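Please model the complete structure; the sequences and the hints are all you need to start from.
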Amino acid sequence: MLNIALIAHDRKKDEMVNFVTAYEHVFADHKLYGTGTTGQRIMENTKLDVHRFMSGPLGGDQQIGALVAQNEMDLIIFLRDPLMAQPHEPDIIALLRLCDVQGIPCATNIATAEILVKALDRGDFAWRELVHKYKPGLE
Numbered sequence: 019m020l021n022i023a024l025i026a027h028d029r030k031k032d033e034m035v036n037f038v039t040a041y042e043h044v045f046a047d048h049k050l051y052g053t054g055t056t057g058q059r060i061m062e063n064t065k066l067d068v069h070r071f072m073s074g075p076l077g078g079d080q081q082i083g084a085l086v087a088q089n090e091m092d093l094i095i096f097l098r099d100p101l102m103a104q105p106h107e108p109d110i111i112a113l114l115r116l117c118d119v120q121g122i123p124c125a126t127n128i129a130t131a132e133i134l135v136k137a138l139d140r141g142d143f144a145w146r147e148l149v150h151k152y153k154p155g156l157e
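Residue numbers (the working numbering): 19 to 157.
Don't read these hints as lab results, they were simulated from the structure. Since the model is a prediction, treat every value here as computed from it, not as a measurement. Incorrect hints may have been included.
Okay, the calculated beta carbon distance ranges per label pair [what the hints assert, rightly or not]:
(1) W145 / P105: 33 to 41 Å
(2) H69 / A112: 17 to 25 Å
(3) L101 / K65: 28 to 36 Å
(4) V119 / E147: 18 to 26 Å
Cβ coordinates follow ideal geometry from the N, Cα and C atoms, glycine included.
Spelled out as structure tokens, the structure:
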């Protein structure tokens, strides 16, 4: 079971709900996290349970970033709206930077999200299970 974060900007929320609905059978086997409204919309439209954090502008991106920094997040799907200025842009950039630092796969558009979810369905993320198995304890 992997930890997967689902985040979508306002104009991408319908796209996220449609995407998760299409791949509900894949997501059902994993622990899902999401920012406020995105997580709520997914739960309203699927049978999936999503651990919800605050909305992105209120700190949800940073809450997910904290899990990434601790290497406790395995995959992020963040459907960004590149044509709309975001008031919390520094938080978004920080989250993407943490994904790069920790080597966490992060899709920022539907095409990349689909490739990653198909890989997840094939079992190509088994290497992340090893990360958890051999994760050193905090001292």
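Right, here's what the structure says about each hint:
1. W145 / P105: 33 to 41 Å: holds, 36 Å
2. H69 / A112: 17 to 25 Å: With Cβ atoms ~21 Å apart, the hint holds.
3. L101 / K65: 28 to 36 Å: holds, 33 Å
4. V119 / E147: 18 to 26 Å: Check passed, 21 Å falls within 18 to 26 Å.
Every hint from the earlier list agrees with this structure, and none is contradicted.
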